[in-house]
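Throw the hints in and build the complete structure from the sequences for me.
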Amino acid sequence: VLNMGQWLSIPFIIAGIAFIIYALKHNPIKIDYPDIPEMSAKEKLLLEKEYIGLYLSGSLLDDFSENISALGVASINEIITSFDETEDNYNQFREKQSVVIAGIVSSVTRKTTKKNDIMAFVDLDDRLSSIELIVFPEVYEKNQHLLTKESTVAVFGTISIRDDEAPKIIVTDVKPLKE
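The working numbering puts the first residue of the sequence shown at 714, with every later residue one more than the last.
To be clear, the hints were calculated from the coordinates, so they are not data collected in a lab. All figures in this text were calculated on a predicted structure; none of them were measured in a lab. By construction, the Cβ of each residue, glycine as well, lies at the ideal position given by its N, Cα and C atoms. Heads up, some of the hints might be wrong.
[Stated by the list, open to error] Derived lysine-lysine pairs resembling DSS-like cross-links, with alpha carbons at most 30 Å apart:
id	residue 1	residue 2
1	855	827
2	824	743
3	757	888
4	755	881
5	757	891
6	762	738
7	827	762
8	891	881
9	862	827
10	855	824
11	738	891
12	757	809
13	809	824
14	743	891
15	809	827
16	755	809
17	809	828
18	881	762
19	827	881
20	855	755
21	809	881
22	891	809
23	881	828
24	809	862
25	762	855
26	855	809
27	881	824
28	888	762
29	862	757
30	855	828
[Unchecked claim] Here are the computed distance ranges between Cβ atoms for each label pair:
id	residue 1	residue 2	range
31	765	875	31 to 37 Å
32	808	747	21 to 27 Å
33	755	877	34 to 40 Å
34	767	735	41 to 47 Å
35	840	723	53 to 59 Å
36	783	746	39 to 45 Å
37	799	875	54 to 60 Å
38	755	888	17 to 23 Å
39	891	741	15 to 21 Å
40	738	822	58 to 64 Å
See the structure below:
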């Protein structure tokens, strides 16, 4: 319920709004936007991932669909759910099975081994899921230029399972995806 003072102020508020509308109509504000080039689709996707945490308008893999199909790539999500007894595709994949997956490198963690060689643990994302890759020194040395953040790659390897852990891929080879 409005008191008398509030009722009396309503005409002044309306008059103020009308004045603003009149002023804008007769003296429009001109904004000079800088002339900058349109961002590429890849740049937009990378910014979406950086600020929101996921790709909304597409995937960095969209340009590689033909290449991915030709390689007979397995879905990361199918590999992960294949080891969950509650899923329909339980046992579709098995430990030590050779697979080819494709995705976007989301992180790379380098470790030095006891022999002073460098190996890596890499997170690879496809459109739906993420999986950890184990890259031993001899494979990492040969492919480290491909295993950089935001690179799109096809990974050849074998499935590794440990008690109560998600499946991982032991990498045997890495190839860049081609458009």
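Going through the numbered hints above, which ones does this structure break? Give me the numbers in ascending order. 2, 6, 7, 11, 12, 14, 16, 32, 37 and 39
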